[in-house]
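Residue numbers (the numbering used here), protein chains in the order written: chain A, 1 to 332; chain B, 1 to 304.
Keep in mind the hints are simulated off the structure, nothing from the lab. Please note that a few of the clues may not be correct.
[Said to hold, decoys possible] From the derived model, a few chain B residues whose C-beta atoms are all more than 12 Å from chain A:
(1) Ile64
(2) Ala76
(3) Ala226
(4) Ile251
(5) Thr274
[Unchecked claim] Taking lysine to any residue pairs in the SDA-like style, the calculated list, with each CA pair at most 25 Å apart, reads:
(6) B:Lys203 / A:Arg21
(7) B:Lys203 / A:Gln66
(8) B:Lys203 / A:Gly38
(9) A:Lys7 / B:Phe223
All C-beta atoms in this analysis are idealised placements derived from N, C-alpha and C, irrespective of residue type, glycine included.
Okay, here's what each chain looks like letter by letter:
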Amino acid sequence: MAELHLKSWRFRAEREADWRRLETLLAKADKGGAAKLGRDEILEIPLLYRQALSSLSVARSISLDQSLVGYLESLCARAYFFVYGARTRLPERLARFFRHDWPAAVQALWRETLASLAMSVVATVVAYVLVRRDGDWFYSFIDPGTASGRDPMTSTQALRHTLYDKPQTAAQGLSELASFLFAHNAQIAIFAFALGFALCLPTAALMVLNGAMLGAFLALFASRGLGFEAGGWLMIHGTTELFAIVLSGAAGFSIGWAVAFPGERSRVDAASEAGRRAATAMAGVVVMLFVAGVLEGFGRQLIQRDLARYGVALAMLTGWLTYFYWPRKAAP
Amino acid sequence: MSVQGSVQGVVGRIRGLKFNRAPGDDWRELVTPEGVDLRLKVGSFVERCVALLLDFLILLGGLIAFSLAALLAAWATKATWVGEALTVVWLLGVFVIRNFYFLIFEIQPQAATPGKRAMGLRVVAADGGRLTADAVFARNAMREVEVFLPLGFLFAQGQGVDGALTALGAIWSGVFVIFPLFNRDRRRLGDLAAGTMVVKTPKKLLRPDLADTERAAAQGTAFTHAQLDAYGVKELHVLEEVLRAGDRKAIAEVARRIRTKIAWDGPTDVPDRTFLNAYYAGLRGRLESRMLFGRRRKDKFDVD
Chain A
1 MAELHLKSWR FRAEREADWR RLETLLAKAD KGGAAKLGRD EILEIPLLYR
51 QALSSLSVAR SISLDQSLVG YLESLCARAY FFVYGARTRL PERLARFFRH
101 DWPAAVQALW RETLASLAMS VVATVVAYVL VRRDGDWFYS FIDPGTASGR
151 DPMTSTQALR HTLYDKPQTA AQGLSELASF LFAHNAQIAI FAFALGFALC
201 LPTAALMVLN GAMLGAFLAL FASRGLGFEA GGWLMIHGTT ELFAIVLSGA
251 AGFSIGWAVA FPGERSRVDA ASEAGRRAAT AMAGVVVMLF VAGVLEGFGR
301 QLIQRDLARY GVALAMLTGW LTYFYWPRKA AP
Chain B
1 MSVQGSVQGV VGRIRGLKFN RAPGDDWREL VTPEGVDLRL KVGSFVERCV
51 ALLLDFLILL GGLIAFSLAA LLAAWATKAT WVGEALTVVW LLGVFVIRNF
101 YFLIFEIQPQ AATPGKRAMG LRVVAADGGR LTADAVFARN AMREVEVFLP
151 LGFLFAQGQG VDGALTALGA IWSGVFVIFP LFNRDRRRLG DLAAGTMVVK
201 TPKKLLRPDL ADTERAAAQG TAFTHAQLDA YGVKELHVLE EVLRAGDRKA
251 IAEVARRIRT KIAWDGPTDV PDRTFLNAYY AGLRGRLESR MLFGRRRKDK
301 FDVD
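Just need the whole structure built from these sequences, with the hints factored in.
Here it is in structure tokens:
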């Protein structure tokens, strides 16, 4: 009797059990994650997946049963998501990130890092010179909210106060500030990265703005003879924080550059490749900002001597530079 | 399928018209590393907006619960240092939630936030490869510009020049929001940067095969080749849909038309459904066997 059946009917009857089996396994995995599956079942899935894929190819060429082809497509897609889904064992991933991925991503961005650094430095110098010449420039670079009482109208005594005095509520108040600044700076850094997409320009603007703010602050303190002290106050966390912001700018530039000048690849491919590399660097930037926040909130309050502050700043900078640019073997 | 598509595309370009796809066709090819094209349905703009809205509601709910718990703890202990420590925890918590909520859910095997899961969506690598944690991070870091920046402009207040600047900023950043509407894969900037896209999670059941030729033959409904040559693949698929939908009126109407078309002279007492089932099986058998010989008959007008 079997000869009476259609080829496609027999095709389905022969393989249906395997498809059902794959479906059951996938349902089990969906419910409780891969951990729910036994060892044998895990090994079974890729085999069944390839079988289903080949069934799909055959079904497309010999069967006119729409519902069968639709079912196989959906089954294969589900199995594909399982087989090729994101595999992330968090501890392993983190170790790999710190040992290899992050420094490699930063190294790959060296050109952009230099560009972004140059922009910040030029902006800092320009703002410094302008504010030293005419104090009114200060207000063009810094809005009153950020200045929080540190502007040209403030007395020298009060300015000195902001550099050394602990606020009334001691360390807690500052840790609060640190966490706020951490969140705020991380947000700015992510902006600098994300805006790079618009052909680098907004990122460049952010770098210049950030540099100009720094220059204006330094000029204000320098005009009262507090330049050295302000440097220590700023740099203890600044070497880490500014480095992080420069890197986030570099990450943004690399995407913008890939969009503007994709080379031989398509614009979309170039952007996505640059985007993934830059995103790795960015994840690291958030870590750096966290370190900066801790240094700012706690280190600066505990260390009151200028030279010690400079020492910490230098140590941090050397540490970061060594970590990022020390030559190392390529990862397997 | 794909040959047909590319031919259509060529024709479209020749005529100077852009119709690489039929309107409403949102199927995309996704070629697996094994070289098989799994056709996937792209998540529509509306579905993705709803998913985002759901996620925001969840975030907001979480934030409110978190804040209430913090306030309660501060009020219960009445110690100022506890209050301050809690503020730190709260600020960091908000930051973590805002930036990592999407990331943490999308690196799971389901590759979808609760909102996406509710809408039946998931994230895939656009090139068919493995979805990496880096890609997920990149697509979610971009969310900052696409979602939070326009929101920021929306809530920003300003007068005079500031107001004008805010308005300009809102328009400029608004471009990012509607960006997915301007490419066929409905990818937003983050998807482009990360090389990902959002698709519908397919879930179809295996339904019984309609072509049970053995039974049809037993019931005395056999068709001649001439009768089976009346239709092509397109009509077969319509017939399959009608049979699966099971609407009695439609079945009666279709059966009547087919009987007229093929000049049916067999037993007249066969119920419509049985008749259509038998005709479906016969037609499919005829078309499939001709397909094996390299002749795929598109529709009833495709005569050789």
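Against the structure, the hints:
no.: 1; hint: Ile64; in the structure: holds, 19 Å
no.: 2; hint: Ala76; in the structure: holds, 18 Å
no.: 3; hint: Ala226; in the structure: holds, 20 Å
no.: 4; hint: Ile251; in the structure: holds, 17 Å
no.: 5; hint: Thr274; in the structure: holds, 17 Å
no.: 6; hint: B:Lys203 / A:Arg21; in the structure: holds, 15 Å
no.: 7; hint: B:Lys203 / A:Gln66; in the structure: holds, 15 Å
no.: 8; hint: B:Lys203 / A:Gly38; in the structure: holds, 24 Å
no.: 9; hint: A:Lys7 / B:Phe223; in the structure: holds, 18 Å
Consistency note: the structure conflicts with none of the earlier hints.
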